[in-house]
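Undergrad: If you want the building blocks of each chain, they are given just below.
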Amino acid sequence: MAQTYDWAAIAKNPKFIELHHRKQRFLFGWWAFSTVYYFLLPIGAAYATDLFKIKLLGNVNFGYLFALSQFFVSWGLAHYYAHVANKDFDRLTREVVSEFVK
Amino acid sequence: MKKLQLFLTTALLLALPNLALAAEIKANKTITITFFLIIIGITLSVVVWSAKRTKTAADFYAAGGGITGTQNGWAIAGDYMSAASFLGISGMISLYGYDGFMYSVGWLVAYITVLLVVAEPCRNAGKYTLGDILSFRTQPKPVRAVCALSVVAVSTFYLTAQMVGAGKLMALLVGFSYTFSIVGVGILMVGYVVFGGMTATTWVQIIKAGLLMSGAFLISILVGYKAGFNPIGFFSDIVNNPNIQDHVSKMLLKDGIQISGEAAGQRFLEPGLFLKNPLDQISLGMALVLGTAGMPHILMRFFTVPTAQAARKSVIIAMWIIGGFYVLTTLLGFGAAIHVTPQGVTAVDKGGNMATLILAQQLGADIAPIVGDIFLAFLCSVAFATILAVVSGLVLAASAAIAHDIYVNVIKDGHADQHEQVMAARITSLVVGAMGIVIGIAAEKQNVAHLVALAFAVASSGNLPVVVLSLFWRRMNTAGVICGLVVGTVVSIGLVMVSPNMTYPQNIANGAKKTIEAMEKKIAAGETLNEKDAKALDQAKKDFAANDGGTSILGLKAPIFPLKNPGILSIPIGFMAAILGALAFREKRAEEMFDEIYVRQNTGIGMAKAIDH
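Those protein sequence lines, which keep their order, are chains A and B. Every letter in the first sequence is one number past the one before it in my numbering, and letter 46, counting from 1, is 51. Every letter in the second sequence is one number past the one before it in my numbering, and letter 515, counting from 1, is 531.
Possibly wrong hints are sitting among the right ones.
Said to hold, decoys possible - Examples of chain B residues lying across from chain A (beta carbon under 8 Å, computed):
(1) Gly-57
(2) Leu-124
(3) Ile-128
(4) Thr-129
(5) Phe-245
(6) Ile-248
(7) Leu-285
(8) Glu-286
(9) Gln-297
(10) Val-305
(11) Gln-325
(12) Glu-612
(13) Tyr-614
(14) Ile-621
(15) Met-623
As the list claims (entries may be wrong) - Examples of chain B residues lying across from chain A (beta carbon under 10 Å, computed):
(16) Ser-120
(17) Pro-247
(18) Val-255
(19) Lys-537
(20) Lys-538
(21) Val-615
Don't read these hints as lab results, they were simulated from the structure. Note that the coordinates shown come from a computational prediction; the quantities given were computed from them, not determined experimentally. Just so you know, even glycine gets a beta-carbon here, dropped at the ideal spot from N, CA and C.
All chains, full assembly: derive it from the sequences and hints.
TA: Below, the structure written as structure tokens:
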């Protein structure tokens, strides 16, 4: 038979609350950032055509580099999240778990 | 006016030799079939191997939780990248340049939502299916039943599109008949899932992702080699290519814009040649960014890894593979535009879907004719493996919803032993697969392009809102889940049904009328029609007679909803419905159990129970 837990007590645990606050701030903030950054692409392609046309490297224009930057921003954000989660969130989680799971 | 007419006629005449040659692409049958047999051989031995390991329901649905993060990352990529993204996006780039590249971006950005919002919570709080998460603190029976319907709907839409695509692709490439291709693909997919469950499906997806990446990498290296591995030079090759310049000039002439030479070449690298409605683009982006995280076959992949850390790692690996693939796709698409030319691409397939394949054959043939055949055969087998991997994942997701949610938990009240659960899962997979084959054959002549948009619309407007609210909102309850799922799904389907995706006979009739008028003008001018024009006139007259005054399936003359992708409207409606439903029928138990699901999804406490159960 699996162990049963006092979920409400865990939810009120200060460490869990800290985990919850940190995660919420990080996840929502960066999700919003990435979404806004992404939608700048179709919006810009439609309404900022003059900007997108500017040639920066030979024939490569701003629009192309901006679209390419989406890939690097996504990869970068994914690794940044993994870094923070592996370091902070996992540590806090382990502390909460060790307090309640025997 | 006369000048323009003269120009058009000349353009038409100049284009004729191309059309008359109406090229086709045929793979060398012996080599291609050898490659196919190798793939079938490898995948079937994986099935035999995994069948021995598939004894319990946890084995069948979640590979016993024994897939590593890296393996799962490759499998997610293999599950996600369909033949449409493999062949379609590079084709779009080869014909419309920048817009094709821009289109591919959303497919990667979608994984940020998967990573930040659903992957780890689903791993921590879920078991085998979407229904497990949604029924956690609600009344399980109605929620599971409605959820299973929505999962089956999404999977069927996606599966039908994939099956029809598979049949057409195999017919076009290798010359197998449509029905033979669908039955063959169907039997393999059913075999993988029925005997090998999630373990076999995972390995088929990993193998496919490996093949896809090596194919894309190989051709990209050749394209890069041709450009002397000089990225700046590669782009000036595009801009200075007379075929591309000519192609762009002709496209823009239709809109009454006259440019030529280098300006036209440069225009190929700027947005707006294909995606002309920004609202539709934003709507599609919303459906991708939120829909991917609501796709049952993607969510299901997170139940196969042992921990939240492995789930996290798998998304990151999947993002590198998927993103890397789309970056290579740019090289393939632009490479096809330079070396095959847009005219050469459209001569084989108007939609450009064959661009990568022709490019591979051509670049290989530059080395030696047989190498061209081998490259083409290899890429055909990559397409074949791609189809197998995607359809297997969909069949597994749909049968899990029916067998686990409806049979075991609704009909049998959760009281079924392991043997019975696995039997139920196998029988359901067989039935779902057989249905897939039947629908695939029946839909041969149907326009299935809108089905993918539909699948993403339902996933983003029906599934995602209720998943997110179940995991993160205390007041979410039974009524909220049911309202959200039903309203989100119905609104998405409804909007697509009245959108420009459907066939509107009146539009066809109007198009035919234009052709008839153009031809009659020619006759009136004393020209005699050549064979091709005469045929076109004949066809146009038939089309006009058959379609004039006709209406779409819903009896409409023209679309009511102007966008192809309903997300921009249906996603907010889905969220609103779920929230209002939950607030209207408050449920004490669901609110009390929020602490439990919230602690579980954040910490994974109690997760072992979910796997052993």
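Undergrad: Give a verdict on every hint.
TA: Going through the hints against the structure:
1. Gly-57: violated, 36 Å
2. Leu-124: holds, 6 Å
3. Ile-128: holds, 5 Å
4. Thr-129: holds, 7 Å
5. Phe-245: At 15 Å from the nearest chain A Cβ, Phe-245 of chain B fails the 8 Å test, so the hint is violated.
6. Ile-248: holds, 4 Å
7. Leu-285: holds, 6 Å
8. Glu-286: holds, 5 Å
9. Gln-297: This hint holds: Gln-297 of chain B lies near chain A, its Cβ roughly 4 Å from the closest one there, short of 8 Å.
10. Val-305: Since the shortest Cβ distance to chain A is 6 Å, the answer is holds.
11. Gln-325: It holds, given that the least Cβ distance between Gln-325 of chain B and chain A is near 7 Å, below 8 Å.
12. Glu-612: For Glu-612 of chain B, the interface hint holds, since the closest Cβ of chain A sits about 4 Å away, which is under 8 Å.
13. Tyr-614: With Cβ-Cβ at 6 Å, under 8 Å, it holds.
14. Ile-621: Holds. Min distance 6 Å.
15. Met-623: violated, 10 Å
16. Ser-120: holds, 9 Å
17. Pro-247: Interface hint status for Pro-247 of chain B: holds (8 Å vs cutoff 10 Å).
18. Val-255: holds, 5 Å
19. Lys-537: Result: violated, 36 Å to nearest chain A Cβ.
20. Lys-538: violated, 37 Å
21. Val-615: Because about 5 Å separates Val-615 of chain B from the closest Cβ in chain A, which is inside the 10 Å limit, the hint holds.
Checked against the numbered hints above, the structure breaks hints 1, 5, 15, 19, 20 and satisfies the rest.
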